[in-house]
Amino acid sequence: MWHLTGEPYTVQTAAQNAANGRRGFGYFLEQGLGKTSLTFNEYIELKNQERVDYLIVVCMYSKMDDWKEDALEWTDGALDLSIWPDTEGEDGVILNYEILLYSGGEWLEQFLKDYRCYLTYDESSRIKNPNGATSKWALEFSSDAEFVRLLNGTPMTQSVMDLYPQLRAIGELEGVNRYAFRNRWAQMGGFMGKKVIGAKDPEGLAQMLARFSFRALKTDWSDIPDKTYALQRVRMTNKQEDLYQQMLHDFWLELDGGEEVSAEYVITQAEKLQQISSGFVIDEDREVHDLMPPNRNPKLTAVREYLEIAPGKTIIGALHKRAVDLLVENLPGNPAVIRGKGDMKRMGRTIKEEKRRFNEDPNCREIVLQIQSGAFGHTLLGGDGEDHCAATVHFENSYSLLLRSQIEDRNHRFGQHLSAYHLDLVASPIEAKVVEALKSKKRLASAIVDAVRATFSS
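full-length UniProt numbering numbers the first residue of the sequence shown as 1 and each following residue consecutively.
Everything labelled a hint here was simulated from the structure, so no lab data went into it.
One thing to keep in mind: the hints can contain errors.
[Said to hold, decoys possible] 30 angstroms max Cα-Cα, derived DSBU-like pairs, lysine-lysine:
1) Lys200 to Lys272
2) Lys239 to Lys195
3) Lys63 to Lys355
4) Lys355 to Lys321
5) Lys355 to Lys439
6) Lys345 to Lys239
[Stated by the list, open to error] Okay, the calculated beta carbon distance ranges per label pair:
7) Glu353 to Pro311: 33 to 41 angstroms
8) Glu271 to Gly190: 18 to 26 angstroms
9) Ile83 to Asp223: 29 to 37 angstroms
10) Ala133 to Ser457: 41 to 49 angstroms
11) Arg346 to Asp283: 31 to 39 angstroms
12) Glu90 to Thr301: 50 to 58 angstroms
13) Glu106 to Val288: 49 to 57 angstroms
14) Thr301 to Asp256: 20 to 28 angstroms
15) Asp285 to Asp226: 43 to 51 angstroms
16) Asn363 to Val176: 53 to 61 angstroms
17) Gly333 to Ala210: 43 to 51 angstroms
18) Ser457 to Gly198: 53 to 61 angstroms
Heads up, the beta-carbon is just placed ideally off N, CA and C, and yes, glycines get one too.
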């Protein structure tokens, strides 16, 4: 039964039927398929059956306000959730992952013992590290919850091993340690065969997961138009080009030295190269040095030129804090912004108000997302007609398949009737190869190394 406003999506009905009142279950629905409202509906159903007392949501800090507002919106104000440290919500409390390690965790531990709770881990890949303190707390809390739900559009962000602590949190894999899980499901390779490079027996893994989770992709469950992609090559200044080639050559010497380099090192070097193409460098003391005035920054110029002809509202993604500042300070029209909580406070802005401005104010045409803070959970579709948002300009990229897919889905979700358009600004063949790897979900470090070697072998 659907207890919320409007009608359920077919995929939501199928997902709740698959859960069928199980104590532990994973809702692995791709971004935009309605995990949040599905959670509210199942909680209300179980509460009506007198099987639960309260809803507990554990999510990222940037999504706490969204959960509270969505609860009110989907139930016409009937579902009352408070945000920790306020614990007076009639129906439950929203906490962020970080607070579990402190006073919020102590409170939650006791609350779960005192009441029958429906415990939800939003973006549950946050508990993918079995050695992490947050993951250990999550497993402790889950054992005392009446019901546990995992919400995630991408449950495997790095490897099949991401699943192990998540499945333990819903009461599965009892008696199976992570090494046994790895031996059964992980394909090993790399140096001395110690690195997880893929999944072993994907069909068997899917069958195992289907017993206690529901996986849904937009391609199978919605008529949302497909995404389209385009590259725009940006010509760097002579100063940028010289610095870029010098750093690229040093990178090549490291790769050609015969010693194995880590994926982390490769990604770090690629990020440094991207800083140069964005118009600045960050030194070892974390000091930022601009390479030119903003009005001569080639990437900024490319963004401004695109916005002059953009048919609707636009999302702009950036990785570095300096890139976010450059965009916010130099684009016309006072764009909205979502970034880290410290920087939001410094600017005197809130995520809730910035989202409202972008989605509802016809004069707010752009929103700048710092990738790490803006990738998860935000619906950014704008309004109707010329105020609709179907375009994303990737000023910079994070070298994470998870973050790239999440950023792409801020406007590729139910309610999108246009083809979501993604424009990547690239200043070198290396950056073009990175974008290609992100779109095709290839291993990024390998793609970067191959591109660097191709540059110096040609």
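- For the pair glycine 333 and alanine 210, does the Cβ-Cβ distance stay inside 43 to 51 angstroms? This hint holds: roughly 48 angstroms between Cβ atoms.
- Evaluate the given range 33 to 41 angstroms for the C-beta pair formed by glutamate 353 and proline 311. Given a distance of about 26 angstroms, which is not inside 33 to 41 angstroms, the answer is violated.
- Is 20 to 28 angstroms a correct range for the gap between the Cβ atoms of threonine 301 and aspartate 256? With Cβ atoms ~35 angstroms apart, the hint is violated.
- Message: Just to be careful, I want the Cα atoms of lysine 200 and lysine 272 compared with a cutoff of 30 angstroms; is the pair within it?
- Response: Not OK: lysine 200 and lysine 272 at ~35 angstroms, beyond 30 angstroms, violated.
- Task: Verify the proposed pairing of lysine 355 with lysine 321, using a straight-line Cα cut of 30 angstroms.
- Result: Since the Cα atoms of lysine 355 and lysine 321 sit roughly 19 angstroms apart, the hinted pair holds (cutoff 30 angstroms).
- Honestly, do serine 457 and glycine 198 meet the 53 to 61 angstroms range at C-beta? violated, 27 angstroms
- Message: Between the alpha carbons of lysine 355 and lysine 439, is the straight-line distance 30 angstroms or under?
- Response: holds, 26 angstroms
- Item | Verdict for isoleucine 83, aspartate 223 (Cβ pair) under range 29 to 37 angstroms | holds, 35 angstroms
- For the range 50 to 58 angstroms, tell me whether the beta carbons of glutamate 90 and threonine 301 fit it or not. Cβ of glutamate 90 to Cβ of threonine 301: about 53 angstroms, so the range 50 to 58 angstroms holds.
- Under the criterion that the straight-line Cα-Cα distance not exceed 30 angstroms, is the pair lysine 239, lysine 195 satisfied? Given pair lysine 239, lysine 195 is violated - Cα atoms ~39 angstroms apart, limit 30 angstroms.
- Message: 41 to 49 angstroms was suggested as the range; check whether the CB atoms of alanine 133 and serine 457 agree with it.
- Response: This hint holds: roughly 45 angstroms between Cβ atoms.
- Indicate whether the distance between the beta carbons of glutamate 106 and valine 288 respects the range 49 to 57 angstroms. For glutamate 106 and valine 288 the Cβ distance comes to about 39 angstroms; the hint is violated.
Hint compliance for this structure: hints 1, 2, 6, 7, 11, 13, 14, 18 are not met, and every other hint is.
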